[in-house]
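Asks: Chain by chain, the residues run as shown.
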Amino acid sequence: MPVIIAFIAGLLMSAGIAYSQMIDPNKVLGFLTLNTNWDPSLLLVMAAALVVYSSGYWLFISKGKPVFAENFSLPGKKALDKPLLIGALLFGAGWGLVGYCPGPALAAVSSGSHGTLAFIAAMVAGWFVSRKLAI
Amino acid sequence: MENFTPVEALIGGALIGLGALILFVFYGRIAGISGIAGSALFVREGRSWRLAFVAGIVAGPILVDAILTDFSYATPQLSWQVIAAGLLVGVGTGWGSGCTSGHGICGISRLSPRSVTATVLFMLSGMLVATLLH
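Going down the list, the protein sequences come from chains A and B.
Just so you know, we're using my numbering here: the first sequence kicks off at 1 and counts up by one.
Just so you know, we're using my numbering here: the second sequence kicks off at 136 and counts up by one.
If a hint is listed, it holds; no wrong ones were tucked in.
Now the stretches of chain B that chain A is said to cover, found in silico as 3 or more residues with beta-carbon under 8 Å:
#1 137-147
#2 176-186
To be clear about the criterion: a stretch of chain B counts as covered by chain A if any three or more of its residues have a C-beta under 8 Å from a C-beta of chain A, and this derived list gives those stretches:
#3 208-220
#4 244-256
#5 263-269
For the chain B half of the interface with chain A, some residues (derived, Cβ under 8 Å), not all of them:
#6 159
#7 160
#8 172
#9 239
Rather than coming from a laboratory, the hints here were simulated on the basis of the structure.
We put the CB at the ideal spot given by N, CA and C, even for glycine.
Construct the complete structure from the given sequences, taking the supplied hints into account.
Replies: Rendered as structure tokens:
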């Protein structure tokens with residue numbers, strides 16, 4: 001059952017990434033690049049996602065447990081530590097360089113684009129490094 | 136603002152929120168794409184549902200393409216810049232414990248101070264680099 005739900009969740013999120021054109025790095029760069037031709041679309045994507053997710057989240061969290069699992073698996077860490085701050089800054093730099101964050105890059109796999117596949121290979125290498133090298 | 140597409144942005148964003156919410160309501164998991172994809176590769180426990188989630192991410196645009204008649208999107212050319220960006224995104228989301236989905240949508244919705252901080256930082260850093268470069 002978790003496998004089917006996880007697939008549907010990924011499918012819907014990725015369909016949203018595709019339909020909103022956030023799968024297109026140029027569209028994302030249109031938001032991240034502050035110029036006279038600025039495109040606020042990404043802001044509306046996030047706003048709509050936040051409204052849907054947060055209303056469902058706060059309605060449901062009081063139920064005490066998920067439908068098909070024993071408990072909620074929520075991150076317990078609270079501290080604004082060095083890995084969080086440095087990691088977020090590095091991620092932003094990579095995002096602004098090409099316009100890809102992990103979701104849109106993985107969503108674009110079926111394009112077969114060599115640029116997309118190279119980005120994903122480098123991202124996976126980066127995940128590996130971050131797990132081996134603590135800061 | 137001639138490239139602004141508010142209707143597609145709102146519908147697409149609502150779909151992203153709905154997908155993430157389904158994972159939370161049924162399985163109690165945070166729908167962070169970098170965390171799930173990274174753990175699918177490097178953690179044995181829970182691999183099957185994580186791989187299924189990534190398969191759904193890959194299948195999404197194929198579904199959209201089957202429904203819409205005029206669906207297309209650009210992809211980057213292979214370059215050193217793309218590889219450097221991939222490394223930065225991988226290391227950054229690894230150390231920072233999340234990306235636009237986990238921090239930007241799920242974390243902000245939960246009012247997590249870590250996620251709000253991370254989102255502000257990666258937005259500012261992304262805007263700085265993009266504005267200087269493009």
